[in-house]
Every structure is written in structure tokens, then in C-alpha cells.
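I would like the entire structure built from these sequences, with the hints used as guidance.
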Amino acid sequence: MIGMFDKKSTNPKIIRELKMEIIKKFKLPETTTLSVAELRCHEPGCPPIETVVTARSSDGVSRDWRISKSAIEINKIDIEKLV
6 MIGMFDKKST
16 NPKIIRELKM
26 EIIKKFKLPE
36 TTTLSVAELR
46 CHEPGCPPIE
56 TVVTARSSDG
66 VSRDWRISKS
76 AIEINKIDIE
86 KLV
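The numbering used here applies: residue 6 is where the sequence shown begins, and numbers increase by one.
Hints listed in this document are in silico derivations from the structure and should not be mistaken for laboratory results.
Some clues are possibly wrong.
[Said to hold, decoys possible] With a straight-line Cα cutoff of 27 Å, these simulated DSSO-like cross-link-like pairs (lysine-lysine) come out:
| id | residue 1 | residue 2 |
| --- | --- | --- |
| 1 | K86 | K18 |
| 2 | K18 | K32 |
| 3 | K74 | K86 |
The structure is reproduced here in C-alpha cells:
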């Protein structure tokens, strides 16, 4: 039985690669902090899983990008489509 707080761990290498692609695409400075979260939704109309990448700059400004896939499924085309 899977409990409410059981977590599947995404391969850290995949998360690092995703972060590097985001840094490269948006030319983010080294002082930017990136976080990646996979969110699951069971509500009608929302994707079953979504990866959210948040960039926080040193001046406190944050920016989010959402991809309607798990981190392991994201490819370069998905990242190229981000604005």
C-alpha cells in the first residue's frame, strides 16, 4: 500500500540536466537559485503530473515555468517552448 507521504525520487542527474538547460535557455546568472518540483493533480481538467521550475534571483524576483510532464519525460523541445 502506498501511503500519503510516500515519495518517488527522481534521478538527481535528470534534475541537474533540467536545471542546466533552463539556465542556458534563459541565460540566468550564477546567483539564481532554481528549484524543481513535480506536482500531482487529481482534479478534473488539470494534468495528472506537472513539473514546476522556479527561478529566484538575488534581488528576490521569482519566475515559474510549468511543463505538463514528469521531470524524466521532459525533453529539449519542451524547454525550447518555454517563454
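Results of checking the hints against the structure:
1. At most 27 Å may separate the alpha-carbon atoms for a hinted pair to count; K86 and K18 meet this at roughly 22 Å.
2. As the CA atoms of K18 and K32 are separated by approximately 21 Å, the hinted pair is consistent with the 27 Å bound.
3. Taking the CA atoms of K74 and K86, the gap is about 13 Å. The hint holds against a cut of 27 Å.
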